Amino acid sequence: MTEFYLIRHGQTKANVMKMKQGNINTEMTYLNEHGQQQAQTLAQNFDISFADRIICSPLKRAQQTAAVLNKEANLPISYDKRLVEISYGQWDGQKNADLKKIHPDAYNKYWNDVLPFYTKYATDGERFEDVVKRVHSFLEDALSKSPNDKLICVTHGFTVKAAALDVLKPQDMMSIPEPRNTSVTKIVATPEDQKFYLEYFNQIFN
485 MTEFYLIRHG
495 QTKANVMKMK
505 QGNINTEMTY
515 LNEHGQQQAQ
525 TLAQNFDISF
535 ADRIICSPLK
545 RAQQTAAVLN
555 KEANLPISYD
565 KRLVEISYGQ
575 WDGQKNADLK
585 KIHPDAYNKY
595 WNDVLPFYTK
605 YATDGERFED
615 VVKRVHSFLE
625 DALSKSPNDK
635 LICVTHGFTV
645 KAAALDVLKP
655 QDMMSIPEPR
665 NTSVTKIVAT
675 PEDQKFYLEY
685 FNQIFN
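Per the numbering used here, the sequence shown starts with residue 485, numbered consecutively.
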């Protein structure tokens, strides 16, 4: 059985400003002081030394989070582009409030976040379905190569949501939220039948 522990990075300045970070990899998307503290708290309360290795998004906010978590465990770490955040195309770097004023129909009222058809306006953005496909590819490859490993996957909010969508396959993609910063989501997979199960989602260890 393969165990995936999907961890969203700590808070960034862009998170506080409620911006679409997407694939932006500049200082405003690095961990802020609170984000560093969140990672420290998780490291203290969720000891990752039980795991076999870390697989991390190459974006710096994820790398920073992984470094804090791995300070004591010293696990081998690799990077996989399939774990990067969704790209919102032209909307990367823009505030949700500004985008919602221009395109209110593209936002879900409950979550105050974009609906799957947002690419009607952000034409260079990544479709929800395509993020789910690349995350599915990552999960399948990891299961094939590491059928008995425990994997720490440090990644991003929508990427974790995409993993949950892939496992649960709900009719409405907005029925699952993005998880909180430094939350842990656990997915287990059985190699004999290639099935995936969501054990828990968006759990905070503090």
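Please note: incorrect hints may appear among the correct ones.
[Said to hold, decoys possible] Subject to a maximum C-alpha distance of 20 Å in a straight line, what follows is the list of computed SDA-like cross-link-like pairs (lysine to any residue):
1) K617 - S659
2) K565 - T525
3) K502 - Y514
4) K593 - Q578
5) K497 - Q548
[Said to hold, decoys possible] Just the calculated beta-carbon pair ranges, DEER-fashion:
6) Y563 - F689: 16 to 26 Å
7) M501 - K565: 44 to 54 Å
8) K593 - M501: 19 to 29 Å
9) R611 - D582: 20 to 30 Å
10) K593 - P654: 11 to 21 Å
11) K585 - D633: 38 to 48 Å
12) M657 - T607: 14 to 24 Å
13) L682 - S533: 39 to 49 Å
Think of the hints as simulated: they come from the structure by calculation, not from any bench. No experiment lies behind these values; they were computed from the predicted model shown. Here a beta-carbon is modelled for each residue, glycine too, at the ideal position from N, C-alpha and C.
Checked hints:
1. As the CA atoms of K617 and S659 are separated by approximately 18 Å, the hinted pair is consistent with the 20 Å bound.
2. For the hint linking K565 to T525, the alpha-carbon distance of about 26 Å lies beyond 20 Å, and the restraint is violated.
3. Proximity of K502 to Y514 is assessed by CA-CA distance (about 14 Å); at most 20 Å being required, the pair is judged to hold.
4. With a CA separation close to 18 Å, the supplied pair K593 and Q578 stays within the 20 Å bound.
5. At roughly 14 Å between alpha-carbon atoms, K497 and Q548 fall within 20 Å of each other, so this suggested pair holds.
6. Between Y563 and F689 the CB atoms are about 24 Å apart, so this pair conforms to the stated range of 16 to 26 Å.
7. Distance hint check for M501 and K565: the Cβ-Cβ separation is about 26 Å, which falls outside the suggested range of 44 to 54 Å.
8. Under the hint 19 to 29 Å, the C-beta atoms of K593 and M501, about 21 Å apart, fit the expected range.
9. As the Cβ distance of R611 to D582 is approximately 22 Å, the hint placing it in 20 to 30 Å holds.
10. For K593 and P654, the Cβ-Cβ distance of about 18 Å falls inside the hinted range of 11 to 21 Å, so the restraint holds.
11. Taken as a hint, the range 38 to 48 Å holds for the pair K585 and D633, whose Cβ atoms sit roughly 46 Å apart.
12. Range check, M657 to T607: Cβ separation about 19 Å, and the 14 to 24 Å hint holds.
13. For L682 paired with S533, a C-beta distance near 24 Å fails the hint of 39 to 49 Å.
In terms of the numbered hints stated before, the structure departs from hints 2, 7 and 13, listed from lowest to highest.
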